[in-house]
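Participant: Here's the letter readout for the chains.
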Amino acid sequence: MAAPVLEIRGVTKAFGDLDVLRGIDLEIAEHEAVAVIGASGSGKSTLLRCIDLLEQIDDGDIFLDGEVITDPSVDAPDVRRRLALVFQAYNLFPHLSVLDNVTLGIVRAQGVERAAAQETARSLLARFGLAGREGDDPDRLSGGQQQRVALARAFAAHPRAMLLDEVTSALDPELVGEVLAAVRDLKEAGVTMLIATHEMGFAREVADRVGFLHEGRLVELGPPEQVLEAPERPETQRFLRRLLEAGRA
Amino acid sequence: MALILTSPGWPEVREKFFDVDEFRDTFPDIARAFWLDIRVFCIVEVAVLVLGLVVALVRTIEAPALFPLRLLAIVYTDLFRGIPVILLVYLVGFGIPALDLSGLPTEPVVLGGIALALSYTAYVSEVYRAGLRSVHRGQRDAALAIGLTERQAMRHVILPQAVRRVGPPLLNDFIALQKDVALIAIIGVAGEAFRVAQIDAAADFNYTPLIGAALLYLAVTIPLARLLERWAPGYSGRTVA
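Chains as they are written, first to last, in this note's numbering: chain A, -15 to 233; chain B, 77 to 317.
Only chain A is shown next, with the shape it has when bound in the complex (with noise of 0.2 Å):
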């Protein structure tokens, strides 16, 4: 069997005297898509941010394509380079057109030629319905739209593994189906990719494994219609309860 995209072992993180990131046990294969869901403050912003070096872990390993990539000695930009974070409040950069947020870090970080990086950018921006929008700035968009953007800029540099997180808890109801869309296009392009979620519709879907990430542990782990709809753990079974009570799941 080939070697994980990502592999997660024993990593812990504490912010001051809060553990947020338990022991965390994870391996993410070649074209697979992980969810994460858990309740707020259950670290999965903190496990995508470790992994994506934005964080420093205090314990464990982290390997890309079989390197590790926590070590101090590694490179952070390199190993950024080969990842894409794409964050719940779109982090667009406002100062920038919708076309240059997309190449800035493939003509920057990739190297790659400026008309080419154009090219790329423009038809992936046509790929997430953003076709014409390219010379206005992000905040003329939508949310829905700003947040296309993110997963075009994030994607531009052909990532080995894609980062969600939680993309589409800032939006209004009616643009989430927009952005999980264009998550759902790049899951049947076989991007790899490790998300962090509320949408449990979303998660089904999407998903090849569900893990469940309660109080910095990940409880759970398997197909979603097992984690979702038979989970064995009573942690999980009161959070499905839960989100199914406030009309959620």
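If you are wondering where the hints come from, they were derived from the structure by calculation, not from laboratory data.
Treat each hint with caution, since some may be false.
So the derived label-pair ranges between C-beta atoms look like this [unchecked claim]:
1) B:S210 to A:E213: 42 to 50 Å
2) B:R213 to A:D43: 21 to 29 Å
3) A:D62 to B:A139: 13 to 21 Å
4) A:G25 to B:P236: 28 to 36 Å
5) B:L167 to A:D62: 49 to 57 Å
6) A:G119 to B:R213: 26 to 34 Å
7) A:G116 to B:A139: 36 to 44 Å
8) B:V130 to A:G161: 46 to 54 Å
9) A:D120 to B:N248: 25 to 33 Å
Negatives, chain B to chain A, calculated, CB over 12 Å [unchecked claim]:
10) M77
11) P87
12) F93
13) W111
14) L112
15) I162
16) N248
17) A266
18) G267
19) L286
20) E305
Beta carbons are placed, not taken as given, at the ideal position from N, Cα and C, and that holds for glycine.
The hints should help you fit chain B onto chain A, whose structure is shown.
Facilitator: Chain B alone, transformed into the frame defined by chain A:
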């Protein structure tokens, strides 16, 4: 206004400060001298913009290796922002030549420019620093996440946004600097507008030349102020995250 025009001293004030003939005789000289003010202002302003940014970056970058430089930048800012500009002009203008070291400038206009640059760099560095700190941390994260290095993130993402935001306060400091150029007159810079106006006024105890100098300063500072107003509404609304 009516109070001024009906005051008992107004006829004398009008004669001493608003004498048309005196204005006509002295204004061309003062206007020529004002060209020196403009040149000093432009040179000092460019130096301040560059040095202020350097000081702000040194104070902003968190690398532990830069701690001594950061400490130096903090001491510099505290010191030169805390001393009145007029005092600094005196200290530099008379202190540096008194050292009698070869290689150091002795020209009053150069020393005056250095004093102004030292003071305004300290102010402007704080304006830049506020701008850098105002850029949301998510912008740095996003820049790093697309594979940029810290330096590239600063250059292409954080700095452009910070500079755009601090445009209006920077312009405010430009206006203050433009006025403070007059202070270099006190260390004997010949041919400076305020100095020329003072000499003209002292020749016959008519202060109209000072009004001429004031008008010249206003001719620069008022357009700058209008420019600032045009800039101000546009700079705040562009930020998303």
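Participant: Determine for every hint whether it applies to the structure shown.
Facilitator: Checked hints:
At roughly 48 Å, the beta carbons of S210 (chain B) and E213 (chain A) sit within the given window of 42 to 50 Å. About 25 Å separates the C-beta atoms of R213 (chain B) and D43 (chain A), a value consistent with the hinted range of 21 to 29 Å. The beta-carbon spacing between D62 (chain A) and A139 (chain B), approximately 19 Å, falls within the hinted interval of 13 to 21 Å. G25 (chain A) and P236 (chain B) have their C-beta atoms about 34 Å apart, which keeps the hinted 28 to 36 Å range intact.
Distance hint for L167 (chain B) and D62 (chain A): a CB-CB separation of about 50 Å, consistent with the stated range 49 to 57 Å. With their beta carbons about 28 Å apart, G119 (chain A) and R213 (chain B) fall inside the hinted range of 26 to 34 Å. G116 (chain A) and A139 (chain B) have their C-beta atoms about 43 Å apart, which keeps the hinted 36 to 44 Å range intact. Here the CB-CB span from V130 (chain B) to G161 (chain A) is close to 49 Å, well matched to the stated 46 to 54 Å.
Between D120 (chain A) and N248 (chain B) the CB atoms are about 32 Å apart, so this pair conforms to the stated range of 25 to 33 Å. Under the 12 Å C-beta cut-off, the non-interface status given to M77 (chain B) relative to chain A holds; the minimum distance is some 46 Å. Listed as outside the interface, P87 (chain B) is consistent with that label: its C-beta sits roughly 58 Å from the nearest C-beta of chain A, beyond the 12 Å cut-off. Under the 12 Å C-beta cut-off, the non-interface status given to F93 (chain B) relative to chain A holds; the minimum distance is some 49 Å.
Separation of W111 (chain B) from chain A is adequate, the least Cβ-Cβ distance of about 37 Å exceeding the 12 Å criterion. L112 (chain B), annotated as away from the interface, keeps every beta carbon of chain A farther than 12 Å; the closest lies near 38 Å. With a least CB separation of 39 Å from chain A, I162 (chain B) remains clear of the 12 Å interface cut-off, as annotated. Once the 12 Å rule is applied to beta carbons, N248 (chain B) is consistent with being away from chain A; the minimum gap is 22 Å.
The claim that A266 (chain B) is not at the interface with chain A holds, since no C-beta of that chain comes within 12 Å of its own (minimum 46 Å). Here G267 (chain B) stays apart from chain A, with its beta-carbon at least about 43 Å from theirs, past the 12 Å limit. Distance to chain A confirms L286 (chain B) as a non-interface residue, since its nearest Cβ pair spans about 45 Å, more than 12 Å. With a least CB separation of 21 Å from chain A, E305 (chain B) remains clear of the 12 Å interface cut-off, as annotated.
Comparing the model with each numbered hint stated earlier shows that all of them hold.
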